[in-house]
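Asker: Sequence:
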Amino acid sequence: MAVLMGNDYRGQIVPHEEWTFPNLQIFKSSNLQIFKSSNLQIFKSSNLQIFKSSNLQIFKSSNLQIFKSSNLQIFKSSNLQIFKSSNLQIFKSSNLQIFKSSNIQISKSSNLQIFKSSNLQIFKSSNLQSFKSSNLQIFRSSNLQIFKSSNLQIFKSSNLQSFKSSNLQIFKSSNFQIFKSSNLRIFKSSNLQIFKSLNLQIFKFSNLQIFESK
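If you're matching positions, the sequence shown starts at 1 in my numbering and goes up one per residue.
Do not rely on the hints blindly, as some may be mistaken.
[As the list claims (entries may be wrong)] Here are the computed lysine to any residue pairs in the SDA-like style, where the Cα-Cα straight-line distance is at most 25 Å:
| hint | residue 1 | residue 2 |
| --- | --- | --- |
| 1 | Lys-52 | Phe-27 |
| 2 | Lys-108 | Ile-42 |
| 3 | Lys-28 | Ile-42 |
These aren't lab readings, by the way, just hints derived from the structure by calculation.
Let the sequences and hints guide you as you build the complete structure.
Answerer: This is the structure we're talking about:
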């Protein structure tokens with residue numbers, strides 16, 4: 001061991017200790033410690049720590065931490081966290097979270113959630129939800145719902161409903177209904193009903209009925 005007098009970063013002379021071995025160096029002063037070997041370096045001060053090896057790096061301060069290795073990175077501060085690996089990324093803050101991998105993404109905040117994959121998307125907020133896949137779409141809000149697939153569509157609101165498929169359509173409101181298919185149509189309201197087919201028509205009123213055929 002040797003007690004030496006050297007200059008610090010301000011140029012002032014401060015006492016410190018140094019050890020030198022074939023594969024190790026140690027430096028110590030009142031507020032600084034340095035350890036060096038063939039595959040490891042450690043740096044310590046009052047508010048900072050750094051650790052370095054062949055496949056790992058660690059950086060620590062009062063409000064920040066960084067961890068790095070060959071396939072992983074971690075970043076941490078008072079209000080933020082980031083995790084990265086070869087196939088995954090995670091981002092976290094006070095009001096936001098994001099998760100990413102090779103085939104999925106998830107985003108979350110205080111009033112919003114988003115989920116994405118190769119064949120599915122989900123969007124959620126306080127008053128809205130949307131679901132999408134390869135053959136299906138669903139949209140929902142406080143007063144509206146929409147369902148769509150390859151052969152079916154459904155539309156719903158507070159006073160209107162609509163159903164559509166390849167051979168059938170249905171429309172409904174508070175005082176009106178319509179039914180349509182390939183060979184039949186039905187119209188209904190508060191005082192009127194109409195039935196139509198290929199060879200028949202029926203009209204109904206509150207006090208009258210009409211039948212027509214070809």
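Asker: Under the criterion that the straight-line Cα-Cα distance not exceed 25 Å, is the pair Lys-28, Ile-42 satisfied?
Answerer: The hint holds at about 12 Å.
Asker: Taking only the CA atoms, is the gap from Lys-52 to Phe-27 under or equal to 25 Å?
Answerer: holds (16 Å)
Asker: Is Lys-108 within 25 Å of Ile-42, Cα to Cα?
Answerer: violated (38 Å)
Checked against the numbered hints listed earlier, the structure breaks hint 2 alone; every other hint is satisfied.
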